[in-house]
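Visitor: Spelled out from the first residue to the last, the chains are:
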Amino acid sequence: MKLFVNARYLIVPVSSLLTIFGIILGGLLAWVGVFLFGVYTIIDTLTKDIHLRAEKNQDGESYGVKEFQYVVMYIMLPVFILLQIVLAWRLFQFTSGVGIEPLQIGVLNYQTGITLTNLIGATLSTALWAGLGIIYGHELSHNKKEGFFVSRLIMALSGSAHFTYAHVYNHHLDLGHEDDPATAPRGRNVYAHTWLSHAGQSKFSYDLEQKKLRKQGKSTLSFKNKWIIGYLYSLPSVFLFVWAGGLYGVAALITVWAISNFLLEALNFMGHYGLIRNPGEPVEHRHSWDNDNVFTSWFFIEIGRQGDHHVRGETYFWELDDVGAPNYGIGYFSLFVLTLIPPLFRRFVKKLLNDWDKNYATDAEVSIANKFKALGIQS
Amino acid sequence: MFNLFKKSKDHIADIETNSNTIALKVEKGKTLLNAALSSGIAWPHKCKVGSCGTCKSQVLLGDIKAQIDFGYVLSQEEIEAGYVLACQSELKSDIKVKIKLIE
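These protein sequence lines are chains A and B, in that order.
Going by the numbering used here, the first sequence opens with residue 91, and the numbers climb by one from there.
Going by the numbering used here, the second sequence opens with residue 7, and the numbers climb by one from there.
I should point out that these hints are in silico values taken from the structure, not numbers from a laboratory.
Treat each hint with caution, since some may be false.
What the hints assert, rightly or not - What follows is a list of derived Cβ distance ranges for each label pair:
(1) Ser457/A x Asp75/B: 31 to 41 Å
(2) Asp69/B x Val427/A: 24 to 34 Å
(3) Lys34/B x Lys305/A: 24 to 34 Å
(4) Asp100/B x Lys440/A: 51 to 61 Å
(5) Leu198/A x Asp69/B: 48 to 58 Å
(6) Glu371/A x Asn24/B: 21 to 31 Å
(7) Asp100/B x Gly150/A: 27 to 37 Å
To be verified - Simulated pairs of lysine to any residue, SDA-like, Cα-Cα distance not exceeding 20 Å:
(8) Lys71/B x Phe239/A
(9) Lys36/B x Glu157/A
(10) Lys36/B x Asp264/A
(11) Lys62/B x Asp149/A
(12) Lys104/B x Tyr89/B
(13) Lys316/A x Gln82/B
(14) Lys62/B x Leu30/B
(15) Lys156/A x Lys62/B
(16) Lys36/B x Leu172/A
(17) Lys316/A x Asp75/B
(18) Lys71/B x His17/B
(19) Lys98/B x Asn233/A
(20) Lys62/B x Asp264/A
(21) Lys308/A x Gln82/B
Here a beta-carbon is modelled for each residue, glycine too, at the ideal position from N, C-alpha and C.
Chain B with its partners taken away, still in its complex shape:
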């Protein structure tokens, strides 16, 4: 609860897409998916509550803060390989993430 009152710190997500790399600023408290959608990036998504897995993406570098347990949607192998649910991920550091965008 006290996290709500901490000073905000933004981070950068370098998004490796099918064709190029996009640098995205992600404000503290905002999820990776919402930051991407606000910037007009066509990140695949459906439920936005962490249950469908459509926004799944692979974090190659850096740390995220998972808002929920990914273990219900992602397999153990996927979690170990760095896959996250973008709709339930805040950034703890600058990251590099790989995603296949909607074309």
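Okay, chain A solo, but in the shape it has when bound:
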């Protein structure tokens, strides 16, 4: 059981390595990352009704092995760096005009050079898996100093090192309230949320640093400012892509950052859409949506157990459990597809929000929900 519980969280690491391998081999295999995303969306949809509780031994302890899970999460940093390096290498080949020729290396078909179509595939593959890798940036943001630093570096690969501070000091404190940019209010779509949440979290992180440095009598414009340092962490990616691909490199990096941040904000969007917390009241299980079908749980290292995570923020992901939080009833992949079509998503979520208003919300929260309804925003 211990082996199974720990190994099941390796879907993303293995898939990221397959994506890297596909880009290295080239040709149609550069699309492996996109293909896997599609396959996983189907698996997630097919397993939407299978749910498991967190397994524990006879002493009530989790089977998760902390040392193993941490080593995996830390190793994901060089994996994501390698993902960017192989894309940059392919960009370099493309802009240098390296000829496209098949080459047999043992049983492997390697293709020298890359076509524009397959370069697009490699870029999309990199973007999707850089975005999905944000789950490690999230998990590590809640843990010790070393983990927090690794989280910052992982997020910096997507130009979002500010997330680590904003997530802990803003989202976990102000969840379900307008002071939290990562909580999507009723009526907002995922596209608007991506911009508003990203900019809002970055601003929060800047204000947090400014406040801290003022308290310490230091200048905001200094290398003590973690908001500035965070963006500097992203510079190696910028230099790499500009050097490797010039304008093509800039376009590729913009694509990688745009898609990976879109996935990050889509997770925030899905995690708390439309849920309301009366200011001053503690964060409870009802302020988060759970997505905990078996595939989503294993793939996203239990990030879908949002209800438990937000009440026990210090808890390792493998210990999170079903706590009776409101549940979408489908996994993240399936729900993500719905969010891409806002009218469809709002139709889907309307019944769930009505149920939340009726069965979960306090009177004060219902009163806030009614203000949205008075504006014609039902879901």
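Keeping the supplied structure of chain A fixed, place chain B upon it in accordance with the hints.
Guide: Only chain B this time, still in chain A's reference frame:
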């Protein structure tokens, strides 16, 4: 990262409360707050991720290892006076800490 593989060493926190002093064993790798809550001590807390400041307490003697920078939640004066966030503090030595418990 290599701290994960070090041999554990427990420490004792003498907790000075509103009414008495409690001796609490804090295992290596466990936060002061979690050790207290596991022992049934009603330590005030809310977010448990170091952002709300509810678990703030004053260390009178000894050293702690801060898991995060307290400067975002505590003022410079509080930090200088020994205040820490119990949810983000491991013990580096035996300590004496003052806290007003939930009654």
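Visitor: Please go over all the hints and tell whether each is borne out by the structure.
Guide: Checked hints:
1. Under the hint 31 to 41 Å, the C-beta atoms of Ser457/A and Asp75/B, about 38 Å apart, fit the expected range.
2. In this structure the supplied range 24 to 34 Å is violated for Asp69/B paired with Val427/A, their Cβ-Cβ distance being about 52 Å.
3. For Lys34/B paired with Lys305/A, a C-beta distance near 32 Å keeps the hint of 24 to 34 Å intact.
4. For the pair Asp100/B and Lys440/A, the supplied restraint of 51 to 61 Å holds, since their beta-carbon distance comes to about 57 Å.
5. Separation of Leu198/A from Asp69/B is about 55 Å and conforms to the stated range, judged on CB atoms against 48 to 58 Å.
6. Checked against the hint of 21 to 31 Å, the C-beta distance between Glu371/A and Asn24/B comes to roughly 26 Å, which is consistent with it.
7. Between Asp100/B and Gly150/A, the C-beta spacing of about 29 Å keeps the proposed range 27 to 37 Å intact.
8. Straight-line distance between C-alpha atoms of Lys71/B and Phe239/A comes to about 16 Å, which keeps the hinted pair within the 20 Å bound.
9. Only pairs whose Cα atoms come within 20 Å are accepted, and Lys36/B paired with Glu157/A is accepted, the gap being roughly 15 Å.
10. Taken as a hint, the Lys36/B and Asp264/A pair is broken in the structure, with Cα atoms around 26 Å apart against an allowance of 20 Å.
11. Of the pairs offered as hints, the one joining Lys62/B and Asp149/A is violated, with about 32 Å between alpha carbons and a cut-off of 20 Å exceeded.
12. For a cut-off of 20 Å, the pair hint linking Lys104/B to Tyr89/B stands: about 9 Å separates their Cα positions.
13. Straight-line distance between C-alpha atoms of Lys316/A and Gln82/B comes to about 18 Å, which keeps the hinted pair within the 20 Å bound.
14. Between Lys62/B and Leu30/B the alpha-carbon distance is near 17 Å, which keeps this suggested pair within the 20 Å criterion.
15. Proximity of Lys156/A to Lys62/B is assessed by CA-CA distance (about 27 Å); at most 20 Å being required, the pair is judged violated.
16. In summary, the hint linking Lys36/B to Leu172/A is not supported, as the alpha carbons are separated by about 34 Å, beyond the 20 Å threshold.
17. Using a Cα cut-off of 20 Å, the hinted pair Lys316/A and Asp75/B holds, with the two alpha carbons roughly 11 Å apart.
18. Between Lys71/B and His17/B the alpha-carbon distance is near 12 Å, which keeps this suggested pair within the 20 Å criterion.
19. Between Lys98/B and Asn233/A the CA atoms are separated by roughly 18 Å; this keeps the pair inside 20 Å, and the hint holds.
20. This hinted pair checks out: Lys62/B and Asp264/A have alpha carbons roughly 19 Å apart, not beyond 20 Å.
21. For the proposed pair Lys308/A and Gln82/B, the alpha carbon gap of about 12 Å is at most 20 Å, so the pair holds.
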